[in-house]
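Given only the sequences and the hints, what does the whole structure look like? Please build it.
Here are the chains, one letter per residue:
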Amino acid sequence: MALQKILVPYNFTAYDQKALDFLINTYLNREDVQITLFHAYTPLPPVDFEANPEMKKMGSGMAFLSDEIRRKEGGIQFTKDFLLESGFSPSQVGYVFKAKEKGVAEEIIDLINKGHYRVLVLSRQAAKVNRMFTRSVHARILSTLKGVTVCIPT
Amino acid sequence: MQSEVRITINTFKAVTKAIAKSDNLDNMCHHLTELLVAALGIKGCAVYVLDTDTKQLELLASFGLSPKYLTKGPVLAKKSLAANLEGKPVIVRDVAKDDNVQYPEQAREEGIAAILSIPITFLDELIGALRLYHHQVWDVNDQDLDSLQLLAENVGLAMSYTSLCNAVYAIEEVIQSIAGGRCPLHWPPGRKA
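Those sequence lines, one after another, are chains A and B. Here the first sequence stands for residues 1 to 154, where the numbers follow this note's numbering. Here the second sequence stands for residues 1 to 193, where the numbers follow this note's numbering.
Be aware that one or more of the hints could be misleading.
To be verified - Here are the simulated distance ranges between beta carbons:
1. B:Y169 to A:Q77: 27 to 37 angstroms
2. A:N11 to B:G87: 24 to 34 angstroms
3. A:Y15 to B:T54: 39 to 49 angstroms
4. A:K114 to B:T52: 38 to 48 angstroms
5. B:S177 to A:A99: 29 to 39 angstroms
6. A:D48 to B:G87: 28 to 38 angstroms
7. B:I178 to A:Q77: 16 to 26 angstroms
8. A:P53 to B:S177: 53 to 63 angstroms
9. A:G87 to B:L85: 44 to 54 angstroms
10. A:D21 to B:Q149: 20 to 30 angstroms
11. B:D98 to A:A99: 34 to 44 angstroms
Unchecked claim - No more than 20 angstroms apart at the CA atoms, straight line, and that leaves these computed lysine to aspartate or glutamate pairs for EDC-like:
12. B:K21 to A:D81
13. B:K68 to A:E73
14. B:K13 to A:E101
15. B:K43 to A:E101
16. A:K57 to B:E4
17. B:K13 to A:D48
18. A:K102 to B:D23
19. B:K21 to B:E173
20. A:K146 to B:E173
21. A:K146 to A:D110
22. B:K43 to B:D139
No lab work stands behind these hints: they were computed from the structure. All C-beta atoms, glycine included, are put in the ideal place defined by N, C-alpha and C.
Here you go:
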C-alpha cells in the first residue's frame, strides 16, 4: 500500500488542536500514513546589537528571543509526543521546525512540493480583518497546489 | 515619578530600520513586538487590527504573552481601553486600580501589572492598536510615549500600504487566471518575482 504523507502546519492555536483531533479520529490505526507537523517561526530581527552601548544593552535583553524559539520547538515536540501517546507509532510522526524565509503560504507550498505530501491539514484561517493585511494563506495555497487533498477541520 | 527614557534615538533608529527591512507585515509586526519588549524591558507586546464592523480588535502579532491570555475572549474596542477609539493613547499604570481593563483577572493571572495602548491610525481613522504590557506598575516616560506613537504611525502606514498591495495582488491573480500568466505585474517596485 502506498504511503500517504500528511503535512500539518501547526501554530499553537485552538484551531490547531482541532486539526490534531481530526488526525486522531481519521488516521489512527492506519499504518500507511506518515504525519509531519510544521512550524515556521519568524527569525530574529536584523539588528546590529554591537553598534553602540545602548544596542548592546538592548541585545542582552534579546536573549529571551532565542529562549522563545526554543520553547516553541519544545511545543512542537510536545505535540508530536501527544500524537504518539494517542496511538501513532514513532515512525509515523515527525516535525519540521524552521525559520521563516518567505511567507507562510510559500513555506508550506515549498515543503509540500519537495516532500511529495499528498494530504494537507489546514487549521481555520485567521480572523477576517487580518486577511486584508496579511493576505489569505488558504487562498494562496489552494490556488497553487495541484493533486493534494486539503482538509480544513472546523 | 516617570521611568527613565528607554527608547533613545539609537534604539529608535534600530527599531525603525529593522521593521523597514521586513518584507511583509507579519514579520514587521513580529519584529516590532520583539524589539519593543527588549528595548523597554517589559513583559510583552501585541499589535491588533480593528474590525470596523464588530468593533473588535483582532490579534496580528504578539510577543511575550501566553496563548491562554491571547485567547481570553473577544477584545472589544469600546470596553478595552476605549480612549483609543478617539485616537488617544491609554495608560493603565496599575491594572489592579483601573476600571479601563476588559479582562483584569486574566491580566493578573498573566502577571501583567500595567498596560499601555497606543492607537494605530491612518488618515485619522483608527485601524488598530499597539499594546505594551509591563510586569510592574509603570509610569511611562513622556519621550518613550512620543516615540511609541511615532512607531504606531509608521505601523499604520505599513498596514495601509500592505492592504493596498494585497488588493492589487488579488486583482493580479484574477488577471493571470484569465490571461494564463502572460500579463506579469511589475508592481510594487522591488517586488520579488
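Checking one constraint from the list: CA of A:K146 to CA of A:D110, max 20 angstroms. Satisfied? holds, 13 angstroms
Between B:S177 and A:A99, does the C-beta distance stay in 29 to 39 angstroms? For B:S177 and A:A99 the Cβ distance comes to about 32 angstroms; the hint holds.
Is A:K102 within 20 angstroms of B:D23, Cα to Cα? holds, 9 angstroms
Does the hinted range 38 to 48 angstroms hold for A:K114 and B:T52 at CB? holds, 41 angstroms
Restraint status (C-alpha distance of B:K43 to A:E101 at most 20 angstroms): Violated. B:K43 to A:E101 sits at ~27 angstroms, over the 20 angstroms cutoff.
Would you check the hint for B:K21 and B:E173, treating anything up to 20 angstroms between C-alpha atoms as holding? violated, 26 angstroms
Please check whether A:Y15 and B:T54 have a Cβ separation lying inside 39 to 49 angstroms. violated, 19 angstroms
Just to be sure I understand the hint, the distance between the Cβ atoms of A:D48 and B:G87 should be within 28 to 38 angstroms; is that true here? holds, 34 angstroms
Supplied distance hint 27 to 37 angstroms, evaluated on CB atoms of B:Y169 and A:Q77: 36 angstroms Cβ-Cβ, so the 27 to 37 angstroms window holds.
With respect to the beta-carbon atoms only, verify the hint that A:N11 and B:G87 lie 24 to 34 angstroms apart. Holds, at about 32 angstroms.
Holds or violated: 53 to 63 angstroms for the Cβ distance of A:P53 and B:S177? holds, 55 angstroms
Taking the beta carbons of B:I178 and A:Q77, is their distance inside 16 to 26 angstroms? Since B:I178 and A:Q77 have Cβ atoms about 46 angstroms apart, the given range 16 to 26 angstroms is violated.
The structure does not agree with the numbered hints 3, 7, 10, 12, 14, 15 and 19 stated previously, though it agrees with the rest.
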